[in-house]
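Trainee: Spelled out, the chains give:
2 protein chains.
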Amino acid sequence: MNEALAGILPVAPTPFHADGAVDEDGMRRVIDCMVDQGVDAICILANYSEQFLLTDEERALLTRISLEHAAGRVPVIVTISHFWTDLVVRRAREAETLGAAMVMMMPPYHGAGLQASPQGVFEHFQAVNDAIGIPVMVQDAPLSGVTLTVDLLARMARELANVSYFKIECPFAADKLAALLEAAGEHIEGPFDGEEAVTLLADLDAGATGTMTSAMFPEKIKPIVTEYRAGNLDAALEQWKRCLPLINHENRQCGLRATKAVFMEGGVIGSDFVRHPLKPMSQRTRDRLLELARDLDVLALRWGA
Amino acid sequence: MNEALAGILPVAPTPFHADGAVDEDGMRRVIDCMVDQGVDAICILANYSEQFLLTDEERALLTRISLEHAAGRVPVIVTISHFWTDLVVRRAREAETLGAAMVMMMPPYHGAGLQASPQGVFEHFQAVNDAIGIPVMVQDAPLSGVTLTVDLLARMARELANVSYFKIECPFAADKLAALLEAAGEHIEGPFDGEEAVTLLADLDAGATGTMTSAMFPEKIKPIVTEYRAGNLDAALEQWKRCLPLINHENRQCGLRATKAVFMEGGVIGSDFVRHPLKPMSQRTRDRLLELARDLDVLALRWGA
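Those sequence lines, one after another, are chains A and B. According to this note's numbering, the first sequence is numbered sequentially starting from 2. According to this note's numbering, the second sequence is numbered sequentially starting from 2.
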């Protein structure tokens, strides 16, 4: 990539058939729908994609299908997180070979307590940095249980040329983004947030240039970023106020089941199945979700019609 | 199995070559050494086996090699933990087909925060229980971050016929073992502990009949269990006092690197490599380990001679 990625870079859900098998054609339709949503990039195999419920083989399959089917219409970011450094390097190389625009990864973590030292985290990212020629996005998410200090993030930004995107999803993300930009802003191509954009306004105030939402309604969230970055702060604020009820319901009540429910309702995918031990939403939660989505006339709800 | 497993059922380390590749012949030598140590069973792919640093393919390979090479000389317990219930079921079936005597699993967990509800945990074990005809050992370890209440464990013991072994490794394991035995003792074939036997004496007092240590020196720890169970409490206590310094150093200073260091020193395996981001021990820690191991004249130190 010659130009820095910015704007909206949502996570694609991983569709399953009702029996739990990966829905390969559904994955292609998800990609098509996201292209129609006007996203700036697509991220696959993230936590919102149920990456923790996939086999290694399924990860490889989904990577191949997604990159082949996106076919350069939109950049694809491949999540490669794993505890073992060499495996992360292998996944990074495979993603680059298949045409990924970027890889995203968390620091090494396993369970509630297994982590690397700060130096081990640095080496983990360094190994990937040295193995590929595309950018790396650091995912700083509470799920890992790893505290990434601003000092460590800034060191990675400064010393590792490819480590140039940072998705900050921890509590008080805006303050961390601001501190990181102050410490190493000239080495950062993309200060991003995530979490379904539930902290987006404050993160834009702090200097974020992009957001990794879900794929549920990026066409509505994208203008918040573009208007803000164009200096139209009132328009950005208005759009944020319109979107927030649905963002809130997704982030606090539904999690990764939200996009699947909306995509199934709109005919993008055939099933909103999530793998056990995840469970379906209650009817109450789902009804509210779809009502809020209809209020906003989200594209995915009419995509399959 | 017709008879309940008891005694010492250590975890086999996963040997790697110095370049990080799985050492297949080393795995066979580990099994041979453990047979010579007189273990009552061998557990593979546990956390002490660096299971969180293996690919799915390597897990399958190590399962096949270990079961083929053990060849019935000693029962083999295969660890099958994963967040996705269907994958755990698949691994359980494969292990049984290949000749495993038992499977061991943790409740579903991912990272610092992703867990199932208590009912989800029950269903996770139930799915495995219903799919196979060999016993299941519940591993109750802090690494999962999941709190398994005595009520839930007792319910699993009562309602799931194959779920009959419980390895309790959480803080105050002895009290939990005692409470579990009181609640559902008649449904439990094996109340065990783990953690390199660092709580063994108290756990035996609480009713444990077996311990899942490492493979570093089970021939010395086993008599603690057998003497205790034979009613020779003084002999058990004496042997425990002899073993505790090495157990302590392993558990608190070395972790899974201990067995590899001793096995390499004794010629069982060619390398004590651990996969990044794990790091080698300091020379200081290693020197003390080998000194304590020599003091006890552990079998593995002379096995390859």
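These are calculated hints, taken from the structure and not from any lab test. A hint or two may mislead.
Because identical chains cannot be distinguished in the list, a pair is counted as satisfied if it fits within a single copy or across any two copies.
[Unchecked claim] Each computed SDA-like pair below joins lysine to any residue, with the alpha-carbon atoms no more than 25 Å apart:
| # | residue 1 | residue 2 |
| --- | --- | --- |
| 1 | K242 | L291 |
| 2 | K280 | E69 |
| 3 | K242 | V75 |
| 4 | K280 | V23 |
| 5 | K280 | P119 |
| 6 | K280 | L144 |
Trainee: Going through the earlier hints one by one, which of them does the structure break, listed in rising order?
Mentor: Result: hints 2, 3 break, sorted rising.
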